[in-house]
Amino acid sequence: MVPQMPSQPGNAAKASVCARGTHFTAVNAALHSASRSLRRVACASVFVAASVLAAASVLAAAPVLAAAPVLAAAPAPVGDAAAGAKIYTRCEACHALAYDRTGPRHCGLIGRKAGSVPGFDYSDAMKRSGIVWNAKTLDRFLADPMKAVPGTTMGYAGVKDPKERADLIAFLVQQSDGPVCAK
Amino acid sequence: MSYPVPSSFLEPINRRAWIGRSGLLLSASAVAMLAGRPALAAGKPSHAAQDARILNTALGAELEAIAAYQVGVDSGLLEKPVRELALTFQGQHKAHADLLASTVSKLGGKPVAAKSQYTFPTDQLKTQADVLRFAAGLEKGAVSAYLGAVPLFDDRDLSKAAASILGDEAMHWAVLRNALGEAPVPAAFVA
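The listed protein sequences correspond, in order, to chains X and C. Letter 67 of the first sequence, counting from 1, is numbered 66 in numbering that gives the first Met the number 0, and no numbers are missing. Letter 84 of the second sequence, counting from 1, is numbered 83 in numbering that gives the first Met the number 0, and no numbers are missing.
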């Protein structure tokens with residue numbers, strides 16, 4: 000329920016459309032009537048995607064810390080670029096492959112010196128890091144960005160699960176000079 | 000494709016006026032969490048600087064989201080109720096940005112400003128569903144970004160405030176998925 004501010008009479012009526020079922024209905028009706036076939040396809044794929052997301056979420060929520068000693072002694076997991084594409088959606092708050100956003104673009108990432116995309120406003124810490132991006136440096140950085148490069152503006156706890164990290168890196172390697180980046 | 004953004008859309012709105020318009024509990028509680036808190040002034044400078052950096056990155060993403068919703072609103076692809084929804088979500092991102100900017104200042108940092116131009120995949124936005132899917136992707140990313148930021152703050156009240164914004168972004172994502180005819184809540188956990 001949306002509270003009404005005492006100094007603002009009538010706010011309940013003006014409250015977010017999110018709180019009003021009539022708008023939900025109107026939104027859905029408008030969209031659905033325009034794209035029923037799209038919705039059918041979307042719904043089918045969403046159930047698949049939901050299963051994948053659920054599995055990914057379980058991985059993320061799994062007892063990573065408890066597994067860490069075992070994983071430390073195990074060989075590095077082999078990355079799956081297709082699985083990494085789903086992990087990459089987490090990065091899309093700030094990054095895109097082909098253009099700079101809050102974070103720099105990822106096209107051409109592999110082999111690039113950290114802090115070197117022309118025109119992007121990096122932190123001094125990243126510019127001075129001396130990192131050249133490859134699977135190994137990405138693995139170290141993505142595990143804990145703020146520990147790997149203190150002073151980075153990438154305020155993100157990291158991808159803690161080694162398999163998820165390997166998948167993400169496999170995707171980044173695949174995409175670094177892939178078709179999206181060739182455009 | 001670069002997209003010029005009218006400066007009026009990027010100005011953080013007056014907080015009181017926004018609360019008056021939306022009446023949302025989120026902003027009121029977040030403001031209460033942060034406004035005039037002695038811990039913000041008393042914290043260790045290095046910790047405060049790191050907290051400010053994290054908040055500033057979030058601020059940059061919020062400013063981009065405001066611009067992205069404006070692209071959707073101006074696209075001419077949205078039917079009226081969907082356009083209203085987009086404007087509501089944009090207003091909430093403005094409230095987040097306003098709060099983040101003021102908190103960065105309180106921590107001794109300099110809030111990032113909105114860019115004069117943002118790049119969005121406008122060539123891929125042909126239908127209302129495309130716009131909604133684009134927005135849903137941004138909101139999902141925002142959920143992940145805040146989730147990744149929550150454990151990092153030295154000041155736990157900032158973690159609480161970030162989690163409060165995370166909840167709002169997650170609601171946006173769910174509503175957009177629902178509007179697309181997709182399962183609004185696809186899993187028991189977010190990542």
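Some clues are possibly wrong.
For lysine-lysine, the following BS3-like pairs were computed, each having C-alpha atoms within a straight-line distance of at most 27 Å [as the list claims (entries may be wrong)]:
hint: 1; chain 1: C; residue 1: K125; chain 2: X; residue 2: K159
hint: 2; chain 1: C; residue 1: K109; chain 2: C; residue 2: K79
hint: 3; chain 1: X; residue 1: K146; chain 2: C; residue 2: K105
hint: 4; chain 1: C; residue 1: K105; chain 2: X; residue 2: K85
hint: 5; chain 1: C; residue 1: K114; chain 2: X; residue 2: K112
hint: 6; chain 1: C; residue 1: K114; chain 2: X; residue 2: K126
hint: 7; chain 1: X; residue 1: K146; chain 2: C; residue 2: K125
hint: 8; chain 1: X; residue 1: K182; chain 2: C; residue 2: K114
hint: 9; chain 1: X; residue 1: K182; chain 2: X; residue 2: K159
hint: 10; chain 1: X; residue 1: K85; chain 2: X; residue 2: K135
hint: 11; chain 1: X; residue 1: K126; chain 2: C; residue 2: K125
hint: 12; chain 1: X; residue 1: K182; chain 2: C; residue 2: K105
hint: 13; chain 1: C; residue 1: K159; chain 2: X; residue 2: K146
To be clear, the hints were calculated from the coordinates, so they are not data collected in a lab. The structure presented is a predicted model; accordingly, all values stated were derived computationally and were not measured.
Results for each hint:
1. C:K125 with X:K159: 37 Å, violated
2. C:K109 with C:K79: 38 Å, violated
3. X:K146 with C:K105: 25 Å, holds
4. C:K105 with X:K85: Distance of about 37 Å is beyond 27 Å: violated.
5. C:K114 with X:K112: 25 Å, holds
6. C:K114 with X:K126: With Cα atoms ~21 Å apart, K114 (chain C) and K126 (chain X) stay inside 27 Å; holds.
7. X:K146 with C:K125: 42 Å, violated
8. X:K182 with C:K114: Distance ~24 Å between K182 (chain X) and K114 (chain C) Cα, so the pair holds.
9. X:K182 with X:K159: Violated, at roughly 32 Å.
10. X:K85 with X:K135: Distance of about 21 Å is within 27 Å: holds.
11. X:K126 with C:K125: Measuring from Cα to Cα gives roughly 39 Å; hence the hint is violated.
12. X:K182 with C:K105: Violated: K182 (chain X) and K105 (chain C) sit about 43 Å apart, past 27 Å.
13. C:K159 with X:K146: 22 Å, holds
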